[in-house]
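First to last, the protein sequences are chains G, L, U, D and H. The letter at position 162 of the first sequence is residue 162 when you use our numbering, and the numbering goes up by one with no holes. Add 1000 to the 1-based position in the second sequence for our numbering, that's all there is to it. Add 2000 to the 1-based position in the third sequence for our numbering, that's all there is to it. Add 3000 to the 1-based position in the fourth sequence for our numbering, that's all there is to it. Add 4000 to the 1-based position in the fifth sequence for our numbering, that's all there is to it.
In case anyone wonders, no lab produced these hints; they're calculated from the structure. Among these hints, one or two may not hold up.
[Unchecked claim] If you want the footprint, here are the derived chain D segments under chain L, 3+ residues with CB under 8 Å:
id, segment
1, 3285 to 3294
2, 3317 to 3327
[As the list claims (entries may be wrong)] The following residues of chain U were derived to be distant from chain L, with all beta-carbon distances above 12 Å:
id, residue
3, S2005
4, A2055
5, R2085
6, E2088
[To be verified] Covered stretches of chain G, as calculated for chain U (at least 3 residues, CB under 8 Å):
id, segment
7, 3 to 14
8, 32 to 43
9, 52 to 58
10, 73 to 83
11, 89 to 96
12, 99 to 107
13, 131 to 141
Model, not experiment: these values are computed from the prediction. Note that beta-carbon positions come from the ideal geometry of N, C-alpha and C, so glycine has one too.
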Amino acid sequence: MLHLVLFLVFALGCVAGAVNLLAQRHPIDSALSLVVVMGSLAGEYLLLGAEFVAAIQVIVYAGAIMVLFVFVIMLLNAGVEERTPGSRVALLLGVPGMLIGSALVVWLLLERSPTPAVAAGALPGPPQTIAWLLFHDYLLPFEVTSILVLIAIMGAVVLASPPATTKKES
Amino acid sequence: MSPNFHLWLIPLLPLLGAAINGLFGWRFSRQLVSAVALTFSGAAFALGLWVATQFPSLGTGLYRESSAVWIRAGDFQADFGFYLDQLSLIMLLIVAGVGFLIHIYSVGYMWEEGGFYRFFSYLNLFLFFMLTLILASNYLLMFVGWEGVGLASYLLIGFWFTRDQAASAGKKAFIVNRVGDFGFLIGLFLLIKHFGSLDFETLFASIRLHSPETQGAGLLTSIALLLMLGACGKSAQIPLYVWLPDAMEGPTPVSALIHAATMVTAGVYMIARSHVIYDRAPAAGMMVAILGTLTAFFAATMGMTQTDIKKVLAYSTISQLGYMFLACGVAAYTAGIFHLMTHAFFKGLLFLAAGAVMHATGGEQDMRNMGGLRTKIPWTFWSMTAATVAICGIPPFAGFFSKDEILWQAYASARGSWLYWLFGVITAGMTAFYMFRLWFLTFFGEYRGGRAEAHLPAQPGGRGSGHAGGDDPHRVPSPSHGQGGIHESPKVMLVPMVILAVLSVVGGWVSYHHTFENFLSPVFREGGTDSLVETRPTSTGVESPVEEGGKETLFMTISVGAAAIGIFLAWLLYLRRPAWPDRIAHRMWGLYQTVLHKYYVDELYAALFVKPLINGSTNLLWRGIDQNVIDAGADQSADLTRRLSDSLRHMQSGNLRSYAGWVALGAAAVIGYMVWIGIP
Amino acid sequence: MVPLSCYLVLSGTLFACGVVGFLIKRNIITIFMSIELMLNGANLSFVAFAAQWKALSGQIFVFFVMVVAAAEAAVGLAIIIAIFRTRETLNVDRVNLLKL
Amino acid sequence: MNGSLAMVPQATDYLRVLPEIVLSIFGMAIMFADPLLKERPPRTLGTLALLGSLLALAATWVQAQYPGFAFWNMVRVDAFSVFFHFLIVAVTAVVILTSFEYMEVEGIRAGEYYGLILLGAVGMSLMSSAVELVLIFLALEISSIATYILAGFRRRAAISSEASLKYFLLGSFATAFFLYGVALMFGATGSTSIQVIGAALSSFEVPALAYAGIALMFVGLAFKVAAAPFHIWTPDVYEGAPAPVVGFMSTAPKAAVFAVLLRLMFEAHAPGRIGLIWVVAALSMTLGNLGALVQNNVKRLLAYSSIAHAGYLLVAFAAVPDSGIPAAMFYAASYAAMNVGAFAVVSHFSNAGERYVKIEDYSGLSSSSPLLAAILTVFLLSLIGIPITGGFIAKFYVFSAALQSNLVGLVILGVLNSAVAAYYYLRVIVVMYMREPRGEVPVSAVPAGMGAAMAVSLAATIYLGVLPGRVLDYAGRAVAEWLH
Amino acid sequence: MTTGLDHWILTLVTFIPLAGALLLLVAPRRDRDLRLFALAVSLLDFLLSLHLPAYFEHQPYASDLTFAGARVFQYELNRPWIRVPNIHYHVGVDGISTWLVLLTTFLTPLCVLISWKSIAERVKEFFILLLVLETALIGVFVSLDLFLFYFFWEATLIPMALLIGMYGHGRRVYAAIKFFLYTMIASVFMLAAVLWLYAKTGTFDFVQIQTAIHNGQVENLTLAAPWLFLGFFVAFAVKVPLFPVHTWLPDAHVEAPTAGSVLLAGVLLKMGTYGMLRFNLGLFPEEARRNASWIMVLALIGIIYGALVAMVQPNLKRLIAYSSVSHLGLVVLGIFSFTALGLDGAVFQMLAHGVSTGALFMLAGILFERRHTYEITEFGGLATPMPIYASFFLFIVLSSLGLPLLNGFVGEFLVLSGAFRDRAVYGILGATGVIWSACYLLWMYQRVFWGKVVHKVNDSLTDLGVRERAALWPPAVMALLMGVVPLVWLKVIDGAVHSALLPLAQIASRGTMP
């Protein structure tokens, strides 16, 4: 019962945060809503017994990534979202289409997948097991992430630095 | 064993001459060119004479040689094969002989002209094709000659190509002939389809198995009619006669050789050669006879109003060819060929003489500007007289025998009818009229050269304007060719004329005692028996019943009488009362105009065929279908694609969210599809 | 005991919210946040399915997703800065030089 | 499965990812060298990168000697993956060659540029040999992020950063779809290993969730290969991105993603393949070709053409595996050859600041630079699918594979499309050969690096067109050992 | 009679021009040397190709015996080229293609000669394109592998389009694109059909596919055959070109340079009729028979329509182009008559048309070199300043309008009599072409050459030079030879035609059985 209540509470947090993200016009407000979503999600992870995931969700996502977001928003001094005419395609085709698609997937999830109820902490992921997986079975992906990060760093450096002006102008 | 005649050499010799003159003639002197041309044509004639002397030694009266296979495809084969029987022998002698004479004449006539070598090359080429036509052993080779003489005719009519009329006339001749050839070709296709061969012997042997198609139009009738169409084109019969008057644009020797003596008779020869078919197709025969009669009659009427000396002769030729057709139509092939021969003599001569007259008057062709030439050019006058009398059918000149034979057969033959005869006699009267009109106008009275030309109400088309324009390349250099300039032709021209004059006088005598008929009879006899169609023997025949003989004598008298009436009228109107013709013309203005304009047939053809074809092709087919339908259709579809493409561009609005919208929509579609097939 | 499908529906909802956000928001940064939302939705599914299949590989996947998200965030925000530098705007509707 | 029992990776494990290792090492070496070589021209770094890619090419050969699984079933080295490795690394080398000139003209930061290309190539290579969705996802992200960045490398051009942004946002959007699909697939089968998934999906009853999973993964991958209706980003990005980069990203990552898609479709036995591919292929061909008809910008035109070519390639996916997969592989190879070549010419011709990218700018190129015109013509003819070129054989092979699977309608659509496509390629040829030169467009001499790149692509295009036998054989063998 | 060359002769003949083109590529840019070299290469190729008829093993005449199993294709070479799709380098010629190869090699040196002066810019490229085109054209005729055939088929497109587009006149770009797109769009249908055949038989080999179809070893054939037939037919019909898809031809011809026109009319169009003969008849005899009636109707429309439209063209080349539509309609008529006569005639007509229309285009080009226009009204009376030219022109005109003893007649006569034998009405309608061709050709001749010189500028036109005469003599002599001794050609053609008709005859005999 408590499990259900907790699930509902966190779920409510998620959905409310997500909807608020869409509703807010200032990016800072949206960012904060996203933090709420992430926090609530961490709670859901805990309920599912994924403590490790929950931890890095808070550390990496809420902690690192969102900070980056807020930092950029502040840096660029982003103001309230403009109400530009926008795109009819997105509104008239994309949104309804996506809603139908999502509805289909959700319906599929509810109807067609053999999904039993799970108890809280159904699959505890002790750090040792996770570590074993990460550094043995998933060693290669783990190493490969370093390249990913390297690329990201390079990219950030290249793109965020002001363009060189010393080269001959054409 | 039969002797080897090397028939292939006969056509080939003129071809060699043509090639030598054609390729190298421009470097030769005129003497050399004429030497080459005369040598090769003369050699052909000599060879022909030699063959003729050897011919009686052939017991069968039949000789054939096959030099090589020409075309062979599937089960069809056509050879370069030559065939000699009495019919082709006669034709060979006529063509080679008259041809050679006219070659000689031309040397004198064309001496002053540019393109001398070209002329003789063409002339030799013509001989080659004509001899091929005559000696061919199958229809296809005959067709080679058939088309070839058309080509030669085209080239020679258009010899003075800078003159627009000449150019158009040449083209017209070729195209009209092609219409006839179209029929000929279809006839050949029918023969190939049903008999598998075009070789005369094989073909006729299998056709002989057929019985006459007395009712309706069967295969043989169709073939016969189609061949007739071809013959109509070549021999200038209704409805394809229109080219021949125009063909007078060519040099006069050409008119004599091609458009009087030889080429135009090819149709008659072809029908005679195909007698096996015509004998079995009475309906087609009747058609030939009717066409021949009508042509003879109408051409004669047109001849009466012409003022151009050559045009008169041209219509006269058409008319005489009509007689020959009539003869062939009533299955009196012998008579037809006989007339063909005599006609070759006197009509060839008439043209040569006309040429001599023109030569004398410095290129004048309008009879209204002549007159009184009798004393100036006596040799020409007397030759002309012989020929004129001959064509009018006055005994004992050549034309009398042959024309009378035809008229008699037209009435008396199994296929004959009194109507044919009646028209024939009237035509004979008209022939006499217009020929003597020509004779009187040219040689009698005062010389009218240089006088105003307006004494006749209208100018017939053709020569008048060209003459007025002064661009006649035939004109002798001296600008003032008054009476003082009129001179007799050189000997080289006169000799052939005299020879032909003699022949015009005596040529008819060969029919004495059926010599000619008997000579030809093996050709037209059907496998040992006489022709299927019975023709009556002539009056001179001993075996003819008395009653028949009396009738024939009567008929003969009538036709001679008709000729006499014609001559009298001509004398009356053109010598005695020169003002009457105008008055008559004004009195019967409409009729006169109609006849003068050749019944408006040229105009009719122009309105019926030429204009609609050109306008239709331009506006309906080319601009209409090609440009406005097909091309426009292609352009339209290209345009449509481009517009579609352009509207697709607008999908690419540049707006990121729109892009995402498309992606989301696509994703939804994919999900929808997969879920749909995923749920059984 | 909560049925697993509840987690899945929640993840689906988050994903859908992310998509809708991508479609309707104008601010580039917010749009980017919507993507994060979508990733989070997917992550929740992974964890839920991992629980269902008793397979930790799902959780490992989430770990990698987070790394990727971090990398993307770094690059993405750098791109946004670059765009802002040339365009002086964060409105995505105004970034439309390239079209047709 | 030999490496799976060991506690630590064995030497063979490393050998099986040797090309990736070589590429990474050189990628990082360039970054280290960059600050040290500040004074030297960027060509030095380029040469280093070229060396790296050539070594990687050699490493591919080494790798091919050790077929099998590595790193506990993370990667599988077989003829199939070697084929794509070779293709990707070769394209990388050629692109590096084409970049020499561009770097100097455009003033681009060479260290990062070459580094990103090499490291991006690592991701692409991994994609072709990975048999585990985790690794595939990561590799996909590596290659994607690298290309996002590369697209924005023309720093001073507003359109370049816009291209980068559009590519990035939409790319991440699509990645999210892919990821969600992976999640659903994981949910349906309980594994992220292609083999396990394949086993699960080839069983009698396919879980319904797998369909949704495939759908979403397909959306993500189709986006990367620019298949309609997920192609929409392509024209904008290709127009804005630097020309050599476009040459790179329209070939190497695409080939890699096609490899993944092949694995997904055939090794994982994705259900519902034929109908889905049918529609997507048909749409891609049609929209791509129609879109290209009215373009005046060569890069944009080639972008649309790449959409169309993705469509042709996808046709092979709908065919039976035995002929479809080799056809797709061959197509990927020949498309890479001709497209890289075409972009090499375009990037050389476009000059500083990419000023000359309009079709009209090519007026009379045949007189001002006949060789360049001839080379571009060959590439364009290959793109049309005219004999003696790889494009022809590729198309031929794809369509014949489709016909063997009775996809008559798709083939008809395809051949019709290729006929329509002829028009817009022809426009370029026409402009080059049949118009008078405009005069103001300068055509500089082709530098050695660029020349070498063109020569290699040209040789490859012609080779694939005249003697496609060996490549086709190899592809056929790959499929044989892969599927049976 | 086999010689050591027999296996390689076709390969040599096909690729020598290409090798020449490659050598030209590296040759120095001295225009005169380039021309001489191109001439030498094409002449060498012509001489080599003479080997083909010289050592051709004659088959007995169809009427002589019913032969079975005689060697249809000769000088064969069959080497695997690509293993996986089973593609072979399979070349060989029969009595039909032998002559088409010869026609190509015969016309190319003439094209070089005729382009000597008229091509002054980008000479090197011109001759390279010309030689490449020659290789592709020969390739089309010698290929016995469907893939190879398609390969060469498409390969002809590029050099031709470039020749038109680079060296043409006024609206050359439009014409080049139109030419390219028409043929390209049409030929993809053939590609689809070829692919289908491969998918079902696993081979591209013409003989094998033919055998498989004949033995009924191809599944679903009855269902697909109409479409396959149509696929091939559309590609060929556009090339021929048949009536509703012919409009690219006048445009292409008018704009093309002389050599392009010569090869286009002389050889390229024959690819279509050759294809019909080889593939539509060879592979789908039953379909051919079923569809013959409407195809013949199209051919007839082409004959009459082409001639009528030709008659009213104000442009010399356009006129000749439309006359090609008319003449090739005749060829198609002959092919679909399914008679030995018709087919023999059709093949012969292809060759005859190649020679005479090729020569006509050369003549038109000579005029263009002097006056830079093709408008007929710009001329008139040319026979006066240019008598030799006028003579050549007349000779070729005569051969084109089918004068007996010249080349046009034999084909025309055989085709029409074949068509007549099959369907009388068609033969009759087709025979009207005899009249039309005389109309438009002679009218044109009259307007150009006869009459007085209207435009002063024409007075000073120079007559043919030595080089031009050298280019014109061969076709003129050939026209005569083909008319006088057509047996040389027919002897070889007939055997091939007989074997082409064999399956049709079998079907006909099968058809009579219930």
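So, going through the hints one by one against the coordinates:
| no. | hint | in the structure |
| --- | --- | --- |
| 1 | 3285 to 3294 | holds (count 6) |
| 2 | 3317 to 3327 | violated (count 0) |
| 3 | S2005 | holds (16 Å) |
| 4 | A2055 | holds (23 Å) |
| 5 | R2085 | holds (18 Å) |
| 6 | E2088 | holds (17 Å) |
| 7 | 3 to 14 | holds (count 5) |
| 8 | 32 to 43 | holds (count 4) |
| 9 | 52 to 58 | holds (count 4) |
| 10 | 73 to 83 | holds (count 7) |
| 11 | 89 to 96 | holds (count 4) |
| 12 | 99 to 107 | holds (count 4) |
| 13 | 131 to 141 | holds (count 5) |
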